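A.B. asks: Using the sequences and the hints given, assemble the complete structure.
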Amino acid sequence: MITVHPARRLSIADVVREHRRSFADAVAFVDGDVRLTWTEFDERTNRLASALAADGVGAGDRVLWLGQNSVRIWELLGAAAKLGAMVCPGYWRWAAPEMAFAVRDFDPKVVVWQHEEIGETVAKARAELGEPAGVRWLRHDSPAGEDGYESFLAEGALEDPALDVDPDAALLVIYTAAMSGTQCGSMLSHRNLLAMGATGAWLGDIDHTTAFLSAGPMFHIGNYQFWGVPAFLQGGKNVIVRRVVAEEVLPLLAGEKCTHGYLMPPTIVELVKLNATAGHDLSAFRASVAPQLWQGTVTVDTSRFTANGGGEGRGYGQTEVTGFATTGGFGGSGLGNAGRPGPFVAVRIVAEDGTECAPGVAGEICVRGDLVHLGYWNRPEVNEHRFRDGWWHTTDLGRREPDGTISFLGTTTRMLKSAAENIFPAEVENCIEGHPAVKEAAVIGVPNERWAQDVKAVVVLHGPDQASAADIIEHCRERIASYKKPKTVEFVDALPRTAAFAKDYAALDARFGGGGYPGGETLGAGR
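The opening residue of the sequence shown carries number 16 in the working numbering; numbering runs sequentially from there.
It is worth saying that the hints were derived from the structure and are not from the lab.
As the structure is a computational prediction, the values presented were derived from the model and not from experiment.
The beta-carbon is built from N, C-alpha and C at its ideal position, and this holds for glycine as well.
Check before you lean on any hint, since a few could be wrong.
[Stated by the list, open to error] In silico SDA-like pairs for lysine to any residue, Cα to Cα no more than 20 Å straight-line:
1) K272 to V260
2) K502 to E448
3) K432 to K502
4) K454 to T503
5) K288 to P266
6) K432 to P462
[To be verified] Derived CB-CB ranges, DEER-like:
7) D48 to V475: 37 to 43 Å
8) P281 to D122: 32 to 38 Å
9) T292 to P358: 43 to 49 Å
10) R258 to T292: 19 to 25 Å
C.D. replies: Now the structure itself:
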């Protein structure tokens, strides 16, 4: 057995210590009135690690966060990194039964929770749980002077724990239902985050001068990859937004001179409208998402991330591979093309029998390398199935193109059944979205007593009356096998979205009568 010498081991805790030496007085985090330098962040994570250790948290133990975005999530990650423990930022919109499930499943020693906005839900979850033994509950937004997060942290010692933490230990756990609709905690290691951050820094031109507006949900991998972790690793600044309110985000974006941010199109539209009268200087900001919506108010992003995407980043990924495994920053262009793998991963496309598909042939996307997660917490059978033949099986459908790039076609678990034929909605959606009048489309299955299911398309047009249902069906008939074409078409103004901004197929099923899927499940939530 080969033992790795400590000189060749690097953890997230080591990054914090190095930043204290390199950028001692530089601002690391901004959260409302809180501004922390790297020295202060290192000291606070030392105290928090000490307090957690005194409460029984050690290597492999778990801390659950039930609250909105906060610098304290980063503090918990920094403290856990110094102990070899792991932290799960839960989804603050969970209902009480979902919170209770997470506590039972993740089995944390400490739960840090928020009273404002979700206190009633947390109380219901605790009532359902019956206060399990051995769990410490800490309110993070307690008033000054009351028992809570700050008083708990203050009890800790200032000295660094100075433990030798394995870079392959789990640190960040993110719950995802992408696989089957059942929540599973994807365990990401120090090594995963270091590899993701290094790739992201190169792609996004991130350095110690970067100021990242952390406006995306911190229970989602996207906010960490674009560009929270890269900024953190480079010694830049994370500006935390508890929840997105455009009137509050706009002055923050300007005042902190944010260069990067995780902002979705609806928020961008609001910000541009507000700034038309506010007149804030947003020139420091570079738009890598929906640049056309900014209407010239920010700087065009010319980083490698957007180089092959027409000014907008593209790629393929999932939580389980620490975000993007492939991206247009490494080459490739065109609708549906997800670029090439980065330097820390290998990708192959395999058939059902496990053999590698030839270029141009669709199959399951499989990934190996430093971005692949450790597996799902407490799901040994699922892990055994997904880790096989030396690869992580993503359950997503893709194709290697002749130029070596990868096209993402959809998830293999999203399948319709018409008689004996398997229909992958992603393939039909890609076809429909090739119609010049179509902005986007989603495909669901509706029950058919004879054939099991019929294909129904839900379509958003660029403008009213630009295409009819017959036009869409004929467009598909000409381009894909007839059994795959929609039998019916519904037109809507916009598609519903999940918290992860994926198409919400469950909502579409409920609205348009979807059902009859193989295995009896809906198409499930997106990544």
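A.B. asks: A separate judgement is required for each hint: does it hold in the structure or not?
C.D. replies: Status of each hint after checking the structure:
no. : hint                     : verdict
1   : K272 to V260             : holds, 18 Å
2   : K502 to E448             : holds, 16 Å
3   : K432 to K502             : holds, 14 Å
4   : K454 to T503             : holds, 18 Å
5   : K288 to P266             : holds, 14 Å
6   : K432 to P462             : holds, 10 Å
7   : D48 to V475: 37 to 43 Å  : holds, 42 Å
8   : P281 to D122: 32 to 38 Å : holds, 37 Å
9   : T292 to P358: 43 to 49 Å : holds, 45 Å
10  : R258 to T292: 19 to 25 Å : holds, 23 Å
In terms of the numbered hints stated before, the structure departs from none.
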